[in-house]
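Enquirer: Generate the whole structure from the sequences, applying the supplied hints.
There are 2 protein chains.
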Amino acid sequence: MLYIEKLYEKLGTEKVTQQETELKRHSKDESMHDAVYPDVVCFPESKEDIQIILHIASEYQIAVTPFGAGSGLEGQVIPIQKGISLDFQNMNKVLDFSPEDMRVTVQPGIMKSELNQFISQQGLFFAGGPDYDATIGGMTATNASGTRAVRYGVMRDQILDLEVVLADGMSFHTGTKAKKSSSGYHLTSLFAGSEGTLGIITEITLKLHSIPDYSTVARCTFETPELCAIAAQNILLNGIPIMRMELIDSVSIGIINKQCGHDFPVKHSLFLEFAGPKNTVAEEVKLASKIMHDLGCENWDAASDSISKKKLWEARVQLAVSFQDLKGMKEIGGDVCVPISQLPKLVSFTRSSMDESGLKGALWGHIGDGNFHTSILYNPEVNGEQELAEQINDAIVNLAIEVGGTCTGEHGVGLGKKKFQVSEHGAALEMMQRTKQLYDPKGILNPGKIFS
Amino acid sequence: MLYIEKLYEKLGTEKVTQQETELKRHSKDESMHDAVYPDVVCFPESKEDIQIILHIASEYQIAVTPFGAGSGLEGQVIPIQKGISLDFQNMNKVLDFSPEDMRVTVQPGIMKSELNQFISQQGLFFAGGPDYDATIGGMTATNASGTRAVRYGVMRDQILDLEVVLADGMSFHTGTKAKKSSSGYHLTSLFAGSEGTLGIITEITLKLHSIPDYSTVARCTFETPELCAIAAQNILLNGIPIMRMELIDSVSIGIINKQCGHDFPVKHSLFLEFAGPKNTVAEEVKLASKIMHDLGCENWDAASDSISKKKLWEARVQLAVSFQDLKGMKEIGGDVCVPISQLPKLVSFTRSSMDESGLKGALWGHIGDGNFHTSILYNPEVNGEQELAEQINDAIVNLAIEVGGTCTGEHGVGLGKKKFQVSEHGAALEMMQRTKQLYDPKGILNPGKIFS
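Residue numbers (the working numbering), protein chains in the order written: chain A, 1 to 452; chain B, 1001 to 1452.
Quick look at which bits of chain A chain B covers, simulated, 3 or more residues with Cβ under 8 Å: (1) 163 to 173; (2) 182 to 195.
Listed below are several chain B residues computed to face chain A (Cβ distance under 8 Å; list not exhaustive): (3) His-1186; (4) His-1411; (5) Met-1431.
Keep in mind the hints are simulated off the structure, nothing from the lab. Here the structure is a predicted model, which is why all the values come from computation and not from measurement. We put the CB at the ideal spot given by N, CA and C, even for glycine.
Expert: Dropping the structure here:
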């Protein structure tokens, strides 16, 4: 293809490849969505490289799909119209680090773990993103978050400035290096979460936080998900700056115990983490314990040693991946977010739907945010199982939207949540589509994601 | 004028007026910008009323300028192209209050104080906005903030959902009632801070916070603004969730003492507030005191009684308005925001510029955010004084942008900061203007604000 020859000509063979293994690696993410091979993979090293690629793509009307670590869960990196996969692995540098301003500027391909290692020498950490590793660019593009969002907010809340390149090669900064601004339209928040459909992000300036001196984890159980939700509400209503607060239902606790050899009480559970100066944490744990016991919690267990902390949060992470290794089985993952008061309804509905269907499933939630995940297991060889799993997932999403929530709390829309965009956004969707048209009139930037 | 007859016909005389006193009241805000009378003032009571007004305005190509409390500081509510002033005083209701979700939905005309009174029965408060009173709609439109932003973030961070009406009458919600979402483009942040130029906001859903049980105020002095900034950085680096942290330079302390009868030490000062559960606050104050004394602070004074608290924060508020009553004099207000590390440079530059000019001036800053205000006094009757005051203000803004900051931290662009939009936003300004064109093709919504 002529445009690929042009790419080789302008960028050289080190930054362009059509190797089968690379095409395969860039054909999919961690989701259940079908793989599609790109025609070519580019590895830009600078904004200028990206401008060259976009000029060629624009001239030949070729799709450009950004690729970070391939860890996404809704198919955002799958090049469904083939064309160019834009891999940021060589744009992974720290460009500017200002510890005194608690601020860092990075290229989008840097992994969260690499960033945190770099800045930890100064007692700082980056508080956004999921619990597993991912690129900062991918987290920005999907407005990712995770267990710590209850304290620090989502990815969008961590970003001070972006440098972006539009489809026509035009480049600009969306913000400044100041902590806040009331100047002009907030394009930073427009690009954060736009999944590569409006422009290519080339630099990201992030707020940082200080690493807490000390932390304590705790765990307790309640008779019902309702009581778990009320307990979580009371933690927030009492102004405790909880670091993490997770709901895991009794069936999912059983799965953790069985798969990972734990012996947690098989009841609806809250996993908690408190972090800060030692004496402050001690006060917070005391207050939280009182709140929980006043509501009738059982099995309260708090610990500050590293082994207990590791055990607790590893169990939580293991739940999220507990089904991944079951041979021959596939899973469909859910990610709705609802007002906390509606979470018990969602949990009950989900658990009974899964139980009645006969399919195996786990559920857990970032309860302080009302964000709630499911993992439903199906055998693709058994007729109707995939459809059944999808039906349950659809019903959960529809219920979430009905009670005032959203189809995705942190994974993004990608391919999997496109069908819910009309019911969630209504007339706003038209303005989103017209915004897409304004920024990318030829429709070359990650086409077919968020909307068709 | 024909369109005014149509307004009377469709809305009735109770919702439309051309009374001189009302035209005058809607001709200006608290800024130094020249008053312009609208042709007519409308008082809509519902979204439907607003749609009627916009249909008429659209048909006759008449400017529509939203008006909240008139408390703005950059001329946003001044109807510079005359036409319709859209006053929200009759759209001031609480529409939905969910204490268990720490969430409230209001109409834009409600005052912050009214909202806080309503929700305080449930132990909750709205943490956004300036320290003086304003409408929630106005605060949303300008992305306002104030002393508590260092802990709770700016207005944009408080908003879960907006209902908006576009110039053509199309209406939609920008978000959901969930605490977070990764679905679609974040139109909420686009409208927050757009100063009524993209659409009319008709409903606002806000996050709430719990009222802290207890608080302690403290005050201390340092030899230089640099030391104040380092002290503030160390408070943040130690993870203390400080409620307020204000810098007031020595000259401004002198003004407070003289104008308001206080006896604060005439030195560069930090005013602080800690808030939370009693024991936690005590730990935070202990840690902060150590941090300050390690840096050589003097005059450390902490108190938890209500008289001391009132005295301290009243003095801070008095500084902001200390020049307002000086007969025959006018003031020009500044509002830049820079990385904290750059604040000492700005403070020194500003103080020496004011001193060398011979003009009276005060300066104070939300030091935790790097947001920094000035109030420069001039006599409009004295030749050249206004120009001199404006020159100093311009030089401060240019320096702020040069060191990576913004021309406005919380007041918005309005009329006063239009001239800095090119140097601050560069090529991004073109996309902002094209966004304006997309949302308001006839240019009837608050024309001439942010950009021409």
